[in-house]
Amino acid sequence: MTHRIAILGASGYTGAELIRLIATHGGIEIAALGAHSKAGQSLAQVFPHLRHLALPDMVGFDEIDFDGVDLCFCALPHKTSQEVISGLPKNLRIVDLSADFRLRDPDAYEKWYGNPHSAIEMQKEAVYGLTEFYRDEIREARLVAGTGCNAATGQYMLHPLIAADVIGLDDIILDLKCAVSGAGRSLKENLLHAEMSEGYNAYAVGGTHRHLGEFDQELSKLAGRDVKIQFTPHLVPANRGILATGYVSGDARQVHETLAKAYASEPFIEVLPFGETPSTHHVRGSNFCHIGVTGDRIAGRAIVVAALDNLTKGSSGQALQNANLMLGLEETQGLMLAPCFP
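Residue 1 is where the sequence shown starts when you use UniProt numbering, and the numbers rise one by one after that.
It should be emphasised that the hints constitute simulated quantities derived from the structure, not laboratory data.
Values in this document were obtained by computation on a predicted structure and should not be read as measured data.
Note that beta-carbon positions come from the ideal geometry of N, C-alpha and C, so glycine has one too.
Please note that a few of the clues may not be correct.
[Stated by the list, open to error] Quick list of in silico lysine-lysine cross-link-like pairs, DSSO-like style, CA-CA up to 30 Å:
| hint | residue 1 | residue 2 |
| --- | --- | --- |
| 1 | LYS124 | LYS188 |
| 2 | LYS221 | LYS124 |
| 3 | LYS177 | LYS111 |
| 4 | LYS111 | LYS79 |
| 5 | LYS177 | LYS261 |
| 6 | LYS124 | LYS79 |
| 7 | LYS111 | LYS188 |
| 8 | LYS221 | LYS188 |
| 9 | LYS261 | LYS228 |
| 10 | LYS228 | LYS111 |
| 11 | LYS111 | LYS124 |
| 12 | LYS124 | LYS90 |
| 13 | LYS221 | LYS111 |
| 14 | LYS188 | LYS79 |
| 15 | LYS221 | LYS261 |
| 16 | LYS177 | LYS188 |
| 17 | LYS221 | LYS79 |
| 18 | LYS79 | LYS261 |
| 19 | LYS228 | LYS177 |
[Said to hold, decoys possible] If you anchor each label on the Cβ, the simulated ranges turn out as follows:
| hint | residue 1 | residue 2 | range |
| --- | --- | --- | --- |
| 20 | ALA338 | ASP136 | 25 to 31 Å |
| 21 | ALA338 | GLY27 | 16 to 22 Å |
| 22 | GLN41 | LYS261 | 46 to 52 Å |
| 23 | LYS124 | GLY27 | 26 to 32 Å |
| 24 | ILE298 | PHE66 | 29 to 35 Å |
Please put together the full structure from these sequences, using the hints given.
Written out as structure tokens, the structure is:
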């Protein structure tokens with residue numbers, strides 16, 4: 001059986017990544033590509049690298065007929081996403097890649113995103129889309145909220161360690177480097193080649209990054225008490241990838257053993273041998289996340305390093321992994337592509 005899907009926001013980076021992955025999926029057919037500024041254009045015009053695919057032209061959202069569509073991916077900006085999703089058919093299953101349904105508390109959403117939530121009843125219905133930890137809920141969900149790419153990377157490192165109570169909760173430091181595609185496809189002056197190349201910079205310094213709302217929500221829920229990490233993201237002159245370095249208090253060997261045990265049966269999470277650390281080169285274009293652990297020269301401290309592709313495992317690959325579960329397909333279908341190296 002082939003499932004028909006639609007992609008809203010198909011002209012952005014995450015939309016293109018969804019198309020790329022679904023092209024070799026086999027169990028999913030793209031029935032409609034929705035765009036706004038690119039409506040009326042062909043896939044070849046918007047993404048020349050995908051011109052070999054025989055897919056429908058991009059159209060306005062109101063031109064899509066959802067009869068016979070089993071699931072819709074929404075790859076839209078926050079605020080726009082909740083407005084569009086509210087108008088979709090009530091029986092349509094949805095995977096949202098925006099931030100609009102990630103936070104369960106409407107006040108927390110308003111705090112981090114600066115505007116009141118306009119679809120609170122749907123927000124209550126949404127399941128947080130960190131697949132490895134919400135698999136059963138995702139299978140039954142109508143609406144799944146994809147995670148932030150930075151939030152996913154940090155949680156893959158920290159979730160099993162907090163669950164097993166092997167690290168301190170009050171001194172977690174997360175230093176993260178993210179490629180420029182994490183900022184989306186819209187034109188931004190600071191992302192011009194002359195502005196961005198040959199250097200990198202910290203941003204949202206001092207605890208202002210929006211993904212901290214997800215860290216606060218998920219890690220505190222897990223621990224049964226407030227957990228607030230120190231988190232500083234950095235923008236690096238690369239197209240894809242996230243490399244996160246976490247500094248935690250705990251026995252390094254125990255930290256490694258805990259992660260290895262937690263992810264032993266997970267198809268997309270690779271825990272490296274103790275003392276090895278990953279590179280973004282090793283996960284580029286794939287749905288894999290690599291995690292490494294080393295000790296520190298300071299006794300009782302461990303360093304955890306994680307790498308994933310922000311467009312794949314951090315966003316569109318995660319979205320497809322969740323859609324597979326929702327549609328009753330093999331979770332790994334369309335996602336076992338090897339990383340592209342070099």
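Hint check results:
Of the pairs offered as hints, the one joining LYS124 and LYS188 is violated, with about 33 Å between alpha carbons and a cut-off of 30 Å exceeded. Among the hinted pairs, LYS221 with LYS124 is consistent with the structure: their alpha-carbon atoms are about 16 Å apart, no more than 30 Å. Note on LYS177 and LYS111: the hinted pairing holds, with a Cα-Cα distance of about 24 Å set against a maximum of 30 Å. This hinted pair checks out: LYS111 and LYS79 have alpha carbons roughly 13 Å apart, not beyond 30 Å.
Between LYS177 and LYS261 the alpha-carbon distance is near 27 Å, which keeps this suggested pair within the 30 Å criterion. A hinted pair counts as satisfied when its Cα atoms are at most 30 Å apart, and LYS124 with LYS79 qualifies at roughly 16 Å. Annotation: proposed proximity of LYS111 to LYS188 holds, straight-line Cα distance about 24 Å (limit 30 Å). Restraint check for LYS221 and LYS188: the C-alpha separation of about 36 Å exceeds 30 Å, so the hint is violated.
Taking the CA atoms of LYS261 and LYS228, the gap is near 25 Å; set against the 30 Å cutoff, the hint holds. In summary, the hint linking LYS228 to LYS111 is supported, as the alpha carbons are separated by about 16 Å, within the 30 Å threshold. Between the alpha carbons of LYS111 and LYS124 the distance comes to roughly 17 Å, so the proposed pair stays at or under 30 Å and holds. Using a Cα cut-off of 30 Å, the hinted pair LYS124 and LYS90 holds, with the two alpha carbons roughly 15 Å apart.
For a cut-off of 30 Å, the pair hint linking LYS221 to LYS111 stands: about 19 Å separates their Cα positions. Among the hinted pairs, LYS188 with LYS79 is consistent with the structure: their alpha-carbon atoms are about 19 Å apart, no more than 30 Å. Note on LYS221 and LYS261: the hinted pairing holds, with a Cα-Cα distance of about 22 Å set against a maximum of 30 Å. Our distance criterion of 30 Å between C-alpha atoms is met by LYS177 and LYS188, whose separation comes to about 19 Å.
Under the criterion of a C-alpha separation no larger than 30 Å, the hint pairing LYS221 with LYS79 is consistent with the structure, at around 25 Å. Of the supplied pair hints, the one linking LYS79 and LYS261 is violated, its CA atoms being roughly 39 Å apart against a limit of 30 Å. Proposed proximity of LYS228 and LYS177 is supported: the alpha carbons are some 19 Å apart, at most 30 Å. Hint check: ALA338 to ASP136, Cβ distance near 29 Å, so the stated range 25 to 31 Å holds.
Between ALA338 and GLY27 the Cβ separation comes to about 20 Å, which falls inside the hinted range of 16 to 22 Å. Between GLN41 and LYS261 the CB atoms are about 49 Å apart, so this pair conforms to the stated range of 46 to 52 Å. For the pair LYS124 and GLY27, the supplied restraint of 26 to 32 Å holds, since their beta-carbon distance comes to about 30 Å. Separated by about 57 Å at the C-beta atoms, ILE298 and PHE66 break the suggested range of 29 to 35 Å.
Hint compliance for this structure: hints 1, 8, 18, 24 are broken, all remaining hints hold.
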